[in-house]
Structure formats: structure tokens, C-alpha cells
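Input sequences plus hints: build the corresponding full structure.
There are 2 protein chains.
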Amino acid sequence: MQRNLTRAVCALFLVMGICSAQPHPLDGLSTAEYWVAYDVLQQAGHAGPEGFFASVLLREPPKNLVLNWKEGSATPREADVVMFEKGKTFEARVDLAARKLSSWRELKDVQAPFLGSEIFGSDEVIKKDQRVIEALKKRGLTDLNAVQCIVLPESYVAVPEQNTQRIGFGSCSEQHGSYHSWGRSIEGLTLQMDMVTKTILKVVDTEVVPVSKGGVNYEEIPERARPGTTPIAISQPMGASFQIKDGEVSWQNWHFRFRIDPRVGPVLNLVRFEDGGRMRSVMYEGSLSELYVPYMDPTNGWNSRVFIDAGEFYSGVGLLKPLRPGLDCPANAAYFDGLSAGEKGAPKIWPQVLCLFERAGSDPAWRHFEENIVHGRPSRELVLRSAAVIGNYDYLMDWRFQQDGAIDVAVGATGVIETKISAQKNAAGHPMEKSAPVDFGQFVADNTIGVNHDHFFSFRLDLDVDGVDNSFMADRMVQQLLPSDPMRKSIWAVKHTIAAREQDAIMDIHLETPSMWMFINPNVKGPLGYPTGYEIMPGVTAKSLLSPDDLPQKLGAFSEHQFWVTPNDPTQRYAAGVYPTSSKATDGIAVWTKANRPIENTDLVGWYTLGFHHMPRVEDWPVMPTMWHSFQIRPFNFFGANPVLDLPR
Amino acid sequence: MQRNLTRAVCALFLVMGICSAQPHPLDGLSTAEYWVAYDVLQQAGHAGPEGFFASVLLREPPKNLVLNWKEGSATPREADVVMFEKGKTFEARVDLAARKLSSWRELKDVQAPFLGSEIFGSDEVIKKDQRVIEALKKRGLTDLNAVQCIVLPESYVAVPEQNTQRIGFGSCSEQHGSYHSWGRSIEGLTLQMDMVTKTILKVVDTEVVPVSKGGVNYEEIPERARPGTTPIAISQPMGASFQIKDGEVSWQNWHFRFRIDPRVGPVLNLVRFEDGGRMRSVMYEGSLSELYVPYMDPTNGWNSRVFIDAGEFYSGVGLLKPLRPGLDCPANAAYFDGLSAGEKGAPKIWPQVLCLFERAGSDPAWRHFEENIVHGRPSRELVLRSAAVIGNYDYLMDWRFQQDGAIDVAVGATGVIETKISAQKNAAGHPMEKSAPVDFGQFVADNTIGVNHDHFFSFRLDLDVDGVDNSFMADRMVQQLLPSDPMRKSIWAVKHTIAAREQDAIMDIHLETPSMWMFINPNVKGPLGYPTGYEIMPGVTAKSLLSPDDLPQKLGAFSEHQFWVTPNDPTQRYAAGVYPTSSKATDGIAVWTKANRPIENTDLVGWYTLGFHHMPRVEDWPVMPTMWHSFQIRPFNFFGANPVLDLPR
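Residue numbers (this note's numbering), protein chains in the order written: chain A, 40 to 688; chain B, 40 to 688.
If you're looking for bench data, these hints aren't it; they were derived computationally from the structure.
Note that the structure is a prediction, hence the values are computed from the model and not measured.
Incorrect hints may have been included.
Repeated chains share a single entry, so a pair holds when one copy, or any two copies, can fit it.
To be verified - Calculated lysine-lysine pairs in the DSSO-like style (CA-CA distance at most 27 Å, straight line):
| # | residue 1 | residue 2 |
| --- | --- | --- |
| 1 | K528 | K582 |
| 2 | K582 | K534 |
| 3 | K177 | K167 |
| 4 | K284 | K534 |
| 5 | K147 | K633 |
| 6 | K564 | K252 |
| 7 | K176 | K147 |
| 8 | K127 | K383 |
| 9 | K564 | K464 |
| 10 | K528 | K241 |
| 11 | K534 | K464 |
| 12 | K633 | K528 |
| 13 | K623 | K528 |
Here it is, written out as C-alpha cells:
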């Protein structure tokens, strides 16, 4: 009775991962657990005044342990911690349940992710450097109150100093006349800083460009109601249709768990579909894995802008950012908070970083017009949404569960594009005409160039279709000539190919040679004799155009193909490696798959690359309209028929 | 005063194209006008008892006339009519305003579209044919009440008889035990019929396959409420935000007209965006142009299944099909009716074939998180939706207007897939394994194979960006090596290329060589000096895999490329030609563009191909879940900044 009461009281909090009564093995770390990690490291002498917590993440238990875990049995709980002290990076493994340090080792050759205090805390040092002061003076900037300087990490080794030192790349902006500093970069002036000694190693000043005075104050523009606009109300007066019990979400035959991971955002687990009373496994885990954003301007200060956003910035900046009710999620949404460790180990709570809501009413699940009657069923979907904001860019990240067993994964990009200030006012008199010279960006405002860049997202999809062991099948559509057919000369047919090894499962999209990508369970047959399966159906995406031997591209090599498959290895979670800061690209999916491991009838992970090139347009300034990209995971011969036939009218 | 009153009373009806007071030049034909066309042809002796109206469509006035037309001035009104009489096809042009026949000529070498009475009216003749009776008896079918036979036109010349005769391709199905006949085809038995003499020229019986008894009664499946489902209400208590005045829709700075064309469905016209008090032209006209659906099974009865659905079936079957409130469109939708001519010339009204509604509330138009505050504006969109149903397939067709100047065009495919009955029960014991033989379809139920096929939609987009004369620009992203850069080896840059002639503007999607497709106005520069433009941004699409020399593929050749540009020629409206029935592919976009006409700074039309391959899955039976595909038309350097910055909070 006592225990049940505790659980009932606790149920609400479990969702947020902040109840320590008896967490599920895949719950996010609770406040109490963050403090256990702190205490263990502090008591071991590793959290002194010069020690910083660069990363504290749940270490997932092995899959078999999770799948066999029963409520009431002991829950394995561990944390992976990265500590940074006096230029050295340490990796710790903390057994939270036993309150003990399982391992501690110094890592050579990698850099801990930059701390927020490193990125934002160098402003004063920089503005006291005589070379910087002189450079600013050349630009007419003598009052430095409105000048802000930051240092950013570099994902790859761009300069030799990174081989032995922790190097930050500094630049400044000037915000006089504005309430923020985007669009006000001070061009031509960059610096390199030793982050341990806080000394500026080098100041580079290539060209003096006047600071722009263009309008960037997007929030001060007067509101202008569109004539005749009437309110649209969405309400769910009897409450939400989804239930959450002990951290498990149930909705329209779907069952799943989620936690909010400080590095990759929402992590979905144990995604199952109830089919005629049977709980059938679809996906053990799904989440973002990495984010790669290379910029395309070869000038000083821009040529080094290649971001591995998730892995580089989760410590200093963080992907967990609040959602605004009524703007980011509709009136019927429920919200969830997240936790992450601060630099000194104390957890910080992030309010409303995830919302869950149903959308309904305007599209049919299916319909058919026959004999003058329209038959069909209305549909609804469940959206799990978060927002990743890495400096200027805002990415809305959706997992949209459909009633028919499909999951849409979508990314909505908005926020502020990165701009370069130009001495040239605009493109007038520089027409885009035949044989015009190539461009690295376009003017989006006077003296302001939106610099070309790419966005590549790697999604890690640990599908377990009807069980842990799956195979990857590519169904290729191939032209068949029909030499003896009197009516047709050609047709396409499907060739089913099972990928034996990792290299066989590297998929590229070509309209000339289309294929369908499926995770099938060769051990489970559906009623018609086909192996049960789930298809990964690509959406609009892009491939990197950079040279494969370019070091930043080696790090973001997941952008070279649209899909990859690996055998499940718990140490391989991040497509650009665990430590992308100043990385030599010795970790990551392109490295792992070189081993060409067997992938038949075993525990597999799929890696989908969602990418888009971005040549900014005037309309993207000063904040860009949201642009969505998506892909779908959908049942393929998983059910015995259309699973939404029996929906209520 | 009198006139104003008439207009006011008439305003409501004008939208539906059934008010004859003073129509806009681009309004659909009214009931009165259909009867004028009838009267003129009847009085000229062309609408006798053996004459049939195979097509009656608005003939659009020349663009300059429309653009210069003012309310109160004379409205040019004409109809294009195709008459079919005793095997002959005639083309008439009727001046509706003057009530006279402008031209009348017999067309050799083309076939009028099949009439509904030809498709469905041959059942009795077929079932009296001794060869058919014998063939049915071999299958155990002696009671023919439950057997239904139809004849379909063939888009291309599959047999030599089509060169001189009007040939229908007949087949039968048996619906005993069901309330419809989809999924109950009688395999192996086909026939060819002379449609003029109604004689069966040939009966082909290649194999006896038992008629399937599998379940197809999708509407009889008991409803099963998902546990915990609560209602979601969408309401717009103060009414819609869009206004319609004299047939023009205004919504959130957008202005446009539409008519419902019996051949291609909704036709949008004079699409303009009000920008700071200026009415700026975006698109003169946008509509579906054609639909090509080739099937991929080489056996008798299937090898001839290649449909040019819009052009072949609008007369006999028709794209205008009703929408069901609450299923196809939400509670706040408004509905519009359509008109089309019946076989004997009398117009038929189609209720609720188009709906218009706003969707709002769950996605931000833009957002940015800065200094612990989320900034942003909620968005809404206006959806103009229709449903095309050609026999088994249902296509929802959306034009979705965004507040930021973009238009999403989307197709949602649902309905019943075409199935072939198989003697083999299912795939059990026929595993899909390495080096499995190729497939032409997959089992979707016992004895029932979903046959592989493609869907290709050609959209005709007469963009007029800031005026009639535009150029087509492809912005190509090309790799640049940086031999002297210390930090990077490569980057991509943009090369702007203006297409001089039609062949330069044929666009194919390759991830290795991406490009952005734009209509620009070289005569109008935006505030930053760029020509104003609109981009056509492709969505997920496909390319035909058939051999280009295959006659059906020649007819559906628009499926070989993803975008085409032509100079505007009012006789070139249909991507597979005006008369696709038994066509030799002498008309259509692949033929026109061989002329390689100049396309710089002139009136242009863009043709977007939206395609997808469809290998059916078990979940697609007996009705398939709706699958959406889309593309976007969006402003590119058209505005001076993000046009939704000033939206109300």
C-alpha cells in the first residue's frame, strides 16, 4: 500500500525524470542522481575548485537488461561524466545505485566540450588585448561597452596549435542601436586563444569593414493585423487522449517512453504498437544523433565555421530550450521539463522544453468515393516536440505518431541566419546574369550577406521490429525490358536485396535507381508469409558537396550518404564521434562502418541523414520563416491489413 | 443602383461560376452558358440523337485581354467543345457571348475521350458474347447477375486496330458476397471491342484463376474506439477570415480567383500578394495538367494498363467528386459546387467538390529564443482542397497558401489499389531472400496481389512574377576547391544560370548536382538589387523507369524530368496532349520542347512533375492510408524582408 502510494505520487514526476523512488532504467537522470554523481566525484577528489563538469549523461544499461527489467526489481543506474580540469579531459563512470566511481581516466587527444564560461567568459580578456583595441579603433570603435566578443570551439583541427592546446576562435560584434547582436559582426577581425591560460595567441585582421547599422530589431516592428482575421479555437475540453503511467505514454495503440537528454534532446524508447492485444516492438530507441553545419565562405573568420552542433555545444549552450505555449505548441499541449548538469555539477532545470499534443480534424486517415458516397475515417496525430537553439538557429524537432503505425520525424528550421557584413551596400549594379561569377552568399539587407551553408541532421534509429534481431532489406526498382510483349516494351520490377554487411547498407538517393529501405524481422512472418517490417521513407534531403578529404567533411561524413546501418554498439551513439571538439575524425559512422561488420539477423541501428543546403534569400532576414523537412518510418507488411480501417467514424 | 443590386445578389453565385450577370473572363462556365453551347450546336445540326458532348470547357480569353479587363466592360466568353458522333470526333469553338459557332471541324487521327456510357454501358453486350459466357463457365460462373464488365480506353496505341477503330479494352469482375467489386477481378479474360459498332473483336483467355473470396468489405469492419480518445474541437466562431467578393478570394494579403474545371479540377487564377498597398502578381494560373499511372505487370489484362487519367477519364468518369464535411475538410470549411456537361450537353451540378478552410495554431511562422525569451508569431494557412477520384484511386489535391508568400501544393493518395487475383494463396513458402526473383507486385491479402505502379502528376504553373515577362534561373551549387586556404580544402558556391531556351530549363534532381529553380523578373529589381523571383522547391518525387521508346512512356514523357519550362502557348495546356485516348504521342510537353524555343524575358509556364513509385504493402489493403506528397512555390528575393515579421502576436 505504502509502495503503491509512493508510486502514485511519484508517477507525475517520473515523466520528468526527477523522481527517484524507482526509476525506469531509461529514465533521465533525476536531480538526486545528478547530486549523487557530484558527491561521488567530489569525494574522490575530482570536483575541486578547478574541476568542471563538461558532461553528465545517463549511461544506458545494456538492452537485454532493460528488456528483462521488471518493476520492483533493482534498477541499474549509471552516469557517464566528462570532467575538465586545467586543460585536461577526464572520463568517469559513476554507479549511481551503488554511489561509487566505477572508472576514472584521463583522455589524451580529445577535448572536452567547451563550457559556457569559456565561450562567453572571455569578453573582458579579449577587449583588453592591445591588438584588439587597435583593430577596433581602426573601425571607429573606441567605446567597447557595446562590443561583445566570444570564443567558439572548432570542431576540426584547423590550425596546428589545436594539436597540443585547447584553442578557441574569437570574434566580436557590436550591438549599438539594437537589443541583440546578430547581424552586427565585426568582419575581418579574428583571434585564437589558448583556453587554459586565457592568452590570445594570434590576432588576425584582414580587412576593415564598417560596422553595419542595418535594422535587425525584429521584435520592434509594429504588429499589423491582416484585415478580417478571425480567431480559430482548438480545444480538447475533456482533456488529452494520451495517458502517461509510470513514464510510459499510451495513445491510439502506441506505447513509448521518452527522456530528455542534454546532448541530443528527446530520446524515445521502447516504442511499441498494440496490435490485437499483442504489444509489438517497433523501435527500441530513436533520437537525434548529431548536427553538422558547415558554412561556405572562404574568407577569414568564415572559413573555420563548421559546427558539429550537438556534440560541440550541449555543454556550453545546450539543446534544451523552452517552448512557448500558444506559439510553439497549441492550446491543448502538455509540457515537460528537462534537467542538465551545470559546470560545477549542480543540475539546472529547464522548464517546458518538450510538449506533447494531438492534432486532428482536417485530413482523412483514408477515404474512398464509391457509388456516390464518400467513405472514410478522420485522423489525428500525436506530436512530441522540442526546440533546439544553438545560438542563432532554432530547430523545432518533432516526432509525430500516426494512427496507422507510421512515425513522421520532422525538423522545422527558423531563427536568425548567420550574416557577414559587407562594405558593398547591396547587389544593385551587380546583376545576376549569364556567366555571373559564383557567390558565397546573398545580400539579405544593406551591407548584410546571408552566408551559404548546409544543415545535416543524423537521426539514430534503433528499430527492433518484432524483436531485437532484424535484417536490412533494400527493395530496388529495376527496369525490365519485355522483348516478346506485343503491348509494352518495358516495366519495372522489384529486386529484394538483404544487406550482408555495413557497406552493403549505405544508401544513396538517385531517382534513376530508386529503392525502398526496410528493417525486416527474418524470424517473424506476417499472415501472408512476408517477414514483418518497417520502412524508412526518405523526405527531401541533401548530400554534402564538400571534398571527402577535407577534415571538417571527414568529421561530418555522415552527410555523404542518406542512410547507414550498423550493428548495435552502445559505444557508437554519435555520428560524428563522442568528442567532436578539435577532432581528427577518428570516431564516427564513416570510421565504424569501414570495419564492414555483418548486419544480417542481428541487433541493428539505422542512421538517417536529413540535410538541406541553404542559400539565404531576402525573406530569411532578420528572422527566417520556418522551413520544415521530414522523413517517415512506416509499417511495411507489419500488420495484416490497413490498421486504421476500424477507426470510429 | 439596379446593377449594384444584381451584382450583390449575384456575388455568391459567381464563385460557383453559375451567375451570368457579368462573369469574370476566367469564371467557370455557368449553367446558362452550358445551355448556350448546347443551343448553338443543336441549331447548327450537330447535337442530334447520335451526337454526344464528349467535352465542354471554358476557352480562356487571351491573357492580355484578361489583364486589361475591367468590371463593366464586355466579357469575352467562349467554350471549346468536343463532339463525338458515329465514330467521328469533332472540335467546335462556340462564342457564348455572341451565341454563335465560331468553328467546327472533324479531327482525324484522334479519339474523343470515352463517354461514361461507353465505359459502363457495354456490360450486357459483353455478357451475351458466347466466348465470354464459355470463359466465365470455365471459372464456375454461370449466374452472371453478380458479374460486371466494363471497357476502358487505352491511352496509347497498344494494338494495330486502334489505328483505324475506336477500341475499348474489356474485363470483368465478380462481386458476389461484397457490396463493391474492387479486388474481385476475373483474371486472364480480356476482350477488345469496337466501340462504334459495339462488336467484340477478340476475346483473350490466357489462364483460369479462381475468383477470390477474400474480404474486401472495408466499411463493414466494426468500429473500434481507441481507449481514452477525447474530442478535439476546432471552431471559428466569428466566421472565416477569408472574403470572397465578385469571385475573388482575399486572405492575409493573398488575392486569387478559382474555377472548377471538369478536366483538370481547380484552376487558380490571378494569384497576387498585396505588399505594402501594392498588388503584386505571383501566378497568372496554376492547375493540375495531367496524371499518368502506368502499371507494372506484363501479363494479359495488365500490360495494357497505362492511364492518362485526367485527359482520358474526365468525360466518362470525371475528376470532380464530392468532399465529405468533417472527414475531408474540417468543421470551419466552406464548400463550393462544380458544373460539367453531361453526354447530351445538359450541365450536371456536382455538390461540394471544393472546400476552403483555414488551419491554425500549432506551428510558428517564425520563432527565435534569445536571452531566455522565446520570440515569434503563430501561423495559419488557407487550404483550397478538392478530391479527384478516378475509379479506384482517390487523390486529395491541396493548394495551401502560407502567410509568408509561399504556396504548398500537395497530393494525398488514398482509395483502393488495383489488385490482381492469384491462384497462389500468399507468399508463405516463397521467402524474400537474397537473389530472390523480381516481383511485379506483392500479396496484400490471400489470393490478392497489389500490382506495382507509378503516379505522375504534371502541374502547370503559369507564374507571372511582378508581370508577364519572366526568365527561368537555375542556381547551381558547385564545389569549389580552395588550394591556398590554410583551414579548408573545399566549399560550395552558387552559379546563377539563366535558361535561354526550353532545353536549358529541363531540370533533373540529383543530390550530387543540386540546383534551385526560380522564375525571376529581369525587369524588376528588389530593394537589394536582385531581380524579384519565386522559387519552385521540389518535394519528394520520382522519375519514370520505363524505356523512353515505349509508346506509353512517350505519352507520359513529362515523367522523365522533374521540371520543364515552355513559353506560354494557350494551345499547350495538357502535358500529355489534348487527346490522349489511343494517342500516338504527337502532342505533349516532350514534343513541344523539341522546338527548343527561346524562353528569356517572356511569358513562361513551368511544369512540375510530382511522382511516386508504389509497391503496395499489406497495410494498403483494402483501402490505403492517405499518403501525401508536396512541393512548394515560395518567394525568393520577392519581398524586402521576411513578410511575416509584422504578424500579430
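Reference check for the pair K176 and K147, CA-CA at most 27 Å: within, between, both, or neither?
neither (41 Å within a copy, 83 Å between copies)
At most 27 Å between alpha carbons: which applies to K564 and K252, within, between, both or neither?
Intra 66 Å, inter 23 Å, cutoff 27 Å: inter-copy only.
Which holds for K582 with K534 at a C-alpha limit of 27 Å: within a copy, between copies, both or neither?
both (25 Å within a copy, 18 Å between copies)
Identical-chain pair category, K534 with K464, by Cα at 27 Å:
between (56 Å within a copy, 21 Å between copies)
Between copies, within a copy, both or neither: which fits K528 and K582 at Cα up to 27 Å?
Result: close only across copies, 17 Å inter versus 34 Å intra.
Evaluate K284 and K534 at a C-alpha cut-off of 27 Å and name the case that applies: within, between, both or neither.
Neither: 44 Å inside a copy, 56 Å across copies.
27 Å Cα threshold - placement of K167 relative to K177:
within (16 Å within a copy, 98 Å between copies)
Homomeric proximity label, K564 with K464: Cα distance no greater than 27 Å:
between (65 Å within a copy, 15 Å between copies)
Reference check for the pair K147 and K633, CA-CA at most 27 Å: within, between, both, or neither?
within (24 Å within a copy, 64 Å between copies)
Alpha-carbon proximity context of K528 and K241, limit 27 Å
between (69 Å within a copy, 22 Å between copies)
Evaluate K127 and K383 at a C-alpha cut-off of 27 Å and name the case that applies: within, between, both or neither.
within (16 Å within a copy, 88 Å between copies)
Pop the pair K633 and K528 into one bin, within, between, both or neither, using alpha-carbon distances up to 27 Å.
between (41 Å within a copy, 23 Å between copies)
Going down the numbered hints, you'll see the structure goes against 4, 7, while the others check out.
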